[in-house]
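*Asks:* Sequence:
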Amino acid sequence: MRNYFRLDFPHLNNISRYKTEEYSHIAVNRSSLFNFLFLFLLIRLAWKMMIHLIMSSFFFLYILLSKA
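Residue 39 in the UniProt record's numbering sits at position 39 of the sequence shown, and the numbers go up by one each step.
Hint data in this document are derived by calculation from the structure and do not stem from the laboratory. Accuracy of the hints is not assured; some may be wrong.
[Said to hold, decoys possible] For lysine to any residue, the following SDA-like pairs were computed, each having C-alpha atoms within a straight-line distance of at most 25 Å:
no., residue 1, residue 2
1, K48, I63
2, K67, K48
3, K48, F59
4, K67, I54
5, K48, L37
[What the hints assert, rightly or not] Cβ-Cβ distance ranges computed for the label pairs, FRET-style:
no., residue 1, residue 2, range
6, F60, N35, 42 to 50 Å
7, I63, L12, 40 to 48 Å
8, F36, F60, 34 to 42 Å
From the three backbone atoms N, C-alpha and C, an ideal C-beta is built for every residue, glycine too.
Turn these sequences into a full structure, and let the hints guide you.
*Replies:* Laid out in structure tokens, this is it:
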């Protein structure tokens, strides 16, 4: 994960030391690091898979047309 994303480790360390109530459904600040990271990585993965699919299809068409 460090190879692809820049993580702010001091800030993550501070977040991980919050009380557990900070992440519950009754908390004042309901933002959850896990939900944010999960959605961010899911969107990033979907984007990379889409780019890979498009590039591989172009490569396949190039090979197909160059043999004709």
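*Asks:* Assess, step by step, whether the Cα of K67 is no farther than 25 Å from the Cα of K48, and give holds or violated.
*Replies:* violated (29 Å)
*Asks:* Take a look at whether the Cβ-Cβ distance between F60 and N35 falls inside 42 to 50 Å.
*Replies:* With Cβ atoms ~37 Å apart, the hint is violated.
*Asks:* Is it true that the CA of K48 sits at most 25 Å from the CA of L37?
*Replies:* holds (16 Å)
*Asks:* Kindly confirm whether 34 to 42 Å is satisfied by the beta carbon distance between F36 and F60.
*Replies:* Check passed, 36 Å falls within 34 to 42 Å.
*Asks:* Would you mind confirming whether the straight-line C-alpha gap from K48 to F59 stays at or under 25 Å?
*Replies:* holds (16 Å)
*Asks:* Just to be careful, I want the Cα atoms of K48 and I63 compared with a cutoff of 25 Å; is the pair within it?
*Replies:* Judged against 25 Å, a Cα distance of about 22 Å means the pair holds.
*Asks:* Is the hinted pair K67 and I54 satisfied, with a Cα-Cα distance of at most 25 Å?
*Replies:* Distance of about 20 Å is within 25 Å: holds.
*Asks:* Hint says 40 to 48 Å; check whether the CB-CB distance for I63 and L12 agrees.
*Replies:* holds (45 Å)
Violated hints for the displayed structure, listed by number in ascending order: 2 and 6.
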